[in-house]
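Q: Listed here are the chains, written in short residue letters.
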Amino acid sequence: MQRSITTPPSAEAERGAGRTRRLTKERVKKLLLGTRDRNGIIKLVVVYGLLICIGFIYLYPILYMISASFMTLDDLLDSSIRWIPSGLNLSNYRQAGTSMVYWNSLLQSVMIAGLPTLGTLASCALTGYGLARYRFRGRGGIIALIILTFVLPSQITMIPTYTMYSNLGILNSLWAFVVPSLVAQGLNAPIFILIFWQFFRNVPPALVEAAKIDGAGHFKAFFSIALPTAGPAFITVALFSFVWYWNEFYLTQLFVHGVLVESSLTTLIIQLQNFATNYSSYAQTAASGATNLNESIKMAGTLIAVLPLLILYFVLQRHFVESIDRTGITGE
Amino acid sequence: MTTWAKPRTKKENRIRVKRGPLEKKEARAGLLFVLPWLIGAAVFLAYPLGMSLWYSLNNIRLTSEGMKFTFLAQGNFTQILLSDPDFLPELVDYLLSTVISVPVIVVFAMMIALMLNEKIRGKGFFRLVFFLPVIIVSGPILASLTEQNASTISVIDSQAVTAAISAFLPSIIAAPISELFSNMVTILWYSGVPILIFLSALQKIDRSQYEAAYVDGASGWEMFWKITLPSLKPMILLNCVYTIVFVSSNDQNKLIGLIKSAMFSGTSEKGYGYASAMAWIYSLVVLLLVGLFALIFTARKDRYEREAKKLDRRAKAERRQVLKIQRRQARHAKKYHHAPVR
Numbered sequence: 010m011q012r013s014i015t016t017p018p019s020a021e022a023e024r025g026a027g028r029t030r031r032l033t034k035e036r037v038k039k040l041l042l043g044t045r046d047r048n049g050i051i052k053l054v055v056v057y058g059l060l061i062c063i064g065f066i067y068l069y070p071i072l073y074m075i076s077a078s079f080m081t082l083d084d085l086l087d088s089s090i091r092w093i094p095s096g097l098n099l100s101n102y103r104q105a106g107t108s109m110v111y112w113n114s115l116l117q118s119v120m121i122a123g124l125p126t127l128g129t130l131a132s133c134a135l136t137g138y139g140l141a142r143y144r145f146r147g148r149g150g151i152i153a154l155i156i157l158t159f160v161l162p163s164q165i166t167m168i169p170t171y172t173m174y175s176n177l178g179i180l181n182s183l184w185a186f187v188v189p190s191l192v193a194q195g196l197n198a199p200i201f202i203l204i205f206w207q208f209f210r211n212v213p214p215a216l217v218e219a220a221k222i223d224g225a226g227h228f229k230a231f232f233s234i235a236l237p238t239a240g241p242a243f244i245t246v247a248l249f250s251f252v253w254y255w256n257e258f259y260l261t262q263l264f265v266h267g268v269l270v271e272s273s274l275t276t277l278i279i280q281l282q283n284f285a286t287n288y289s290s291y292a293q294t295a296a297s298g299a300t301n302l303n304e305s306i307k308m309a310g311t312l313i314a315v316l317p318l319l320i321l322y323f324v325l326q327r328h329f330v331e332s333i334d335r336t337g338i339t340g341e
Numbered sequence: 517m518t519t520w521a522k523p524r525t526k527k528e529n530r531i532r533v534k535r536g537p538l539e540k541k542e543a544r545a546g547l548l549f550v551l552p553w554l555i556g557a558a559v560f561l562a563y564p565l566g567m568s569l570w571y572s573l574n575n576i577r578l579t580s581e582g583m584k585f586t587f588l589a590q591g592n593f594t595q596i597l598l599s600d601p602d603f604l605p606e607l608v609d610y611l612l613s614t615v616i617s618v619p620v621i622v623v624f625a626m627m628i629a630l631m632l633n634e635k636i637r638g639k640g641f642f643r644l645v646f647f648l649p650v651i652i653v654s655g656p657i658l659a660s661l662t663e664q665n666a667s668t669i670s671v672i673d674s675q676a677v678t679a680a681i682s683a684f685l686p687s688i689i690a691a692p693i694s695e696l697f698s699n700m701v702t703i704l705w706y707s708g709v710p711i712l713i714f715l716s717a718l719q720k721i722d723r724s725q726y727e728a729a730y731v732d733g734a735s736g737w738e739m740f741w742k743i744t745l746p747s748l749k750p751m752i753l754l755n756c757v758y759t760i761v762f763v764s765s766n767d768q769n770k771l772i773g774l775i776k777s778a779m780f781s782g783t784s785e786k787g788y789g790y791a792s793a794m795a796w797i798y799s800l801v802v803l804l805l806v807g808l809f810a811l812i813f814t815a816r817k818d819r820y821e822r823e824a825k826k827l828d829r830r831a832k833a834e835r836r837q838v839l840k841i842q843r844r845q846a847r848h849a850k851k852y853h854h855a856p857v858r
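Order-wise, the sequence lines are chains A and B.
Quick note, the first sequence lines up with residues 10 to 341 if you use the working numbering.
Quick note, the second sequence lines up with residues 517 to 858 if you use the working numbering.
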């Protein structure tokens, strides 16, 4: 720049100006379309725009749920209020909570999701290790069968299983979930076996061999060598198993809660499904200022039913994301 | 005479060694580890599967002495397919909506995963948002959200889309598509786990492949089609299968609700047998659907493998030709009592 000012000849100046103009054109092009190391502005705008729009679509139901759950009946009817309620109204939560018997249901939800998860962890880890570490006749067949059972809808075995449980006397009890999980037949167990299988395949065999030379038996090698390295796999399986058991409605209602004769066991999800009937019976018996069921109360109920999982997710989200990368759920 | 070295076939390459005691011991230990699954599969899989087939061929009535079986052969199946007012329409509905929504979910999940894999700011936040469905998808919650119209975005005018679609397409195809638009959010919510799977697959692609392609002058577009997409292909199949299984076992699915209500209906012709037959038909349909997608997306053989096979075939043909010539020479020699021509 400075040189073009100090050198008077016009031709030189023009050439210089041309160069700078050309340079800026190139720079603009680079800025818009991007270079190898940097993304162009156009691409960034498109990517961010799409991510934010779709992210909003994802968040919309939750935002809606939160906003609606604080509204009073007047707010709901007032057409000028769309998102922000007139005040922080907590009575919806109180009413929804009492009609769902919240703390009791929460405790049972944790039990019904947690105990089978423990069983699943133990049995699937053993099975996955056996398939990954040893070669024996029929191993390929077993793996193929496991994949097949993943695809097979559970409805096909549901009815005989139901009669079997009722003959064994474990229907409508926690055992109906715990017993199958102990023999690697819990909810979505095939996926978990495959995760463990993938993971243990990547444990260097030399480690196990070395332990064996030092005199460790098969189980000792499993417990002291393979298990300590399998932390990520355990976290992944535990999280997903817990979440899936928690969200399961169909089988929980059939085997644990009961369809015709209801047991005392219930979960938040079941309470949510039966929210309307539960609430009306609560409103009749209590008669203590319980308002009629409205949208806000329903949304409050929905929100407190998912809230424990949301908290779990926000606390453990790093593990959710990272564990998938490390366990090789995708296969190699 | 030139002797042609016969290339070793695969069978001859594999040397058979009798299994020693150590190997047998190992195998036994392996079986011991798998034993829980074996027991489980026998008790909770094989037995119920067989029983369910037997149930489906019977009419079962619950009496005070236990279950009373009356053998019907294919009676339940013909009744379901010919005279059940709900099952067949629901089945067709399920099939159409699954066939349409599964590709939408998978393509959408791939798009999101590709964008999340870019170098962008706030990656952690976006991941947090897009993995949210993994946690929340559950029948009753989705149902309660749908009921309150929280699952459709009022900004997207689904009415106009629906009208446009039904103007151009026959109603059988138009109905599931317009349903797709009106339940857009719910459908997008199914893509939580597929996004996870795609993303981790994307991160496993070797960066040096892109470097090499860049040096060769490939554009980003070409790299996507030649490197990214082929590496994701197995994951596409996995995600299709996962989504089908997930949609099929979701509580929102009306068919499995139908099976449950048939199971507990007090009428004499329905009951366990009838419900089992329904479950069998339904499961076969789901398996067929999975098979269909697997057929479309199974990874075709590697290019090199194909070339090698082609060469192999050609070599074999040449060998056959040589053998033929040799035989002809031998015949000729025999006929004219000559020594074979060299």
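Derived by calculation from the structure, the hints in this document are not laboratory data.
Hints are not guaranteed to be accurate.
[Stated by the list, open to error] Pair ranges (Cβ atoms, derived): (1) B/E738 x A/V324: 41 to 47 Å; (2) B/A849 x A/G147: 36 to 42 Å; (3) A/S272 x B/L803: 29 to 35 Å; (4) A/I156 x B/R843: 31 to 37 Å; (5) B/K720 x A/I93: 52 to 58 Å.
[What the hints assert, rightly or not] Computed footprint of chain A on chain B, listed as stretches where at least three residues anywhere in the stretch have a Cβ under 8 Å from a Cβ of chain A: (6) 566 to 577; (7) 584 to 598; (8) 771 to 781; (9) 832 to 844.
[To be verified] Computed cross-link-like contacts, DSBU-like style, restricted to lysine-lysine with a CA-CA straight-line distance of at most 30 Å: (10) A/K52 x B/K826; (11) A/K221 x B/K534; (12) B/K534 x A/K52; (13) B/K720 x B/K742; (14) A/K38 x B/K534; (15) A/K52 x B/K639; (16) B/K749 x A/K38; (17) B/K541 x A/K229; (18) B/K541 x A/K52; (19) A/K38 x B/K639.
A virtual CB, placed ideally from N, CA and C, is assigned to each residue, including glycine.
Q: Now look at each hint and say whether the structure bears it out.
A: Going down the list of hints, with the structure as the test:
1. B/E738 x A/V324: 41 to 47 Å: holds, 43 Å
2. B/A849 x A/G147: 36 to 42 Å: The hint (36 to 42 Å, Cβ to Cβ) is violated, given that B/A849 and A/G147 are roughly 54 Å apart.
3. A/S272 x B/L803: 29 to 35 Å: Given about 33 Å between the Cβ atoms, the range holds.
4. A/I156 x B/R843: 31 to 37 Å: Roughly 49 Å apart at Cβ, these two residues miss the hinted range, so it is violated.
5. B/K720 x A/I93: 52 to 58 Å: With Cβ atoms ~45 Å apart, the hint is violated.
6. 566 to 577: Since 3 is at least three, the answer is holds.
7. 584 to 598: It is violated: at least three residues are needed, and the region 584 to 598 of chain B offers just 0 whose Cβ sits closer than 8 Å to chain A.
8. 771 to 781: holds (count 5)
9. 832 to 844: violated (count 0)
10. A/K52 x B/K826: With a Cα-Cα distance of about 44 Å, the restraint between A/K52 and B/K826 is violated, given a limit of 30 Å.
11. A/K221 x B/K534: Judged against 30 Å, a Cα distance of about 23 Å means the pair holds.
12. B/K534 x A/K52: Distance ~62 Å between B/K534 and A/K52 Cα, so the pair is violated.
13. B/K720 x B/K742: Status holds; Cα separation ~16 Å.
14. A/K38 x B/K534: Violated, because 70 Å separates the two Cα atoms, which is more than 30 Å.
15. A/K52 x B/K639: holds, 16 Å
16. B/K749 x A/K38: Distance ~34 Å between B/K749 and A/K38 Cα, so the pair is violated.
17. B/K541 x A/K229: holds, 16 Å
18. B/K541 x A/K52: Violated: B/K541 and A/K52 sit about 60 Å apart, past 30 Å.
19. A/K38 x B/K639: This hinted pair holds, its Cα atoms lying about 26 Å apart.
Of the numbered hints listed earlier, those contradicted by the structure are 2, 4, 5, 7, 9, 10, 12, 14, 16 and 18.
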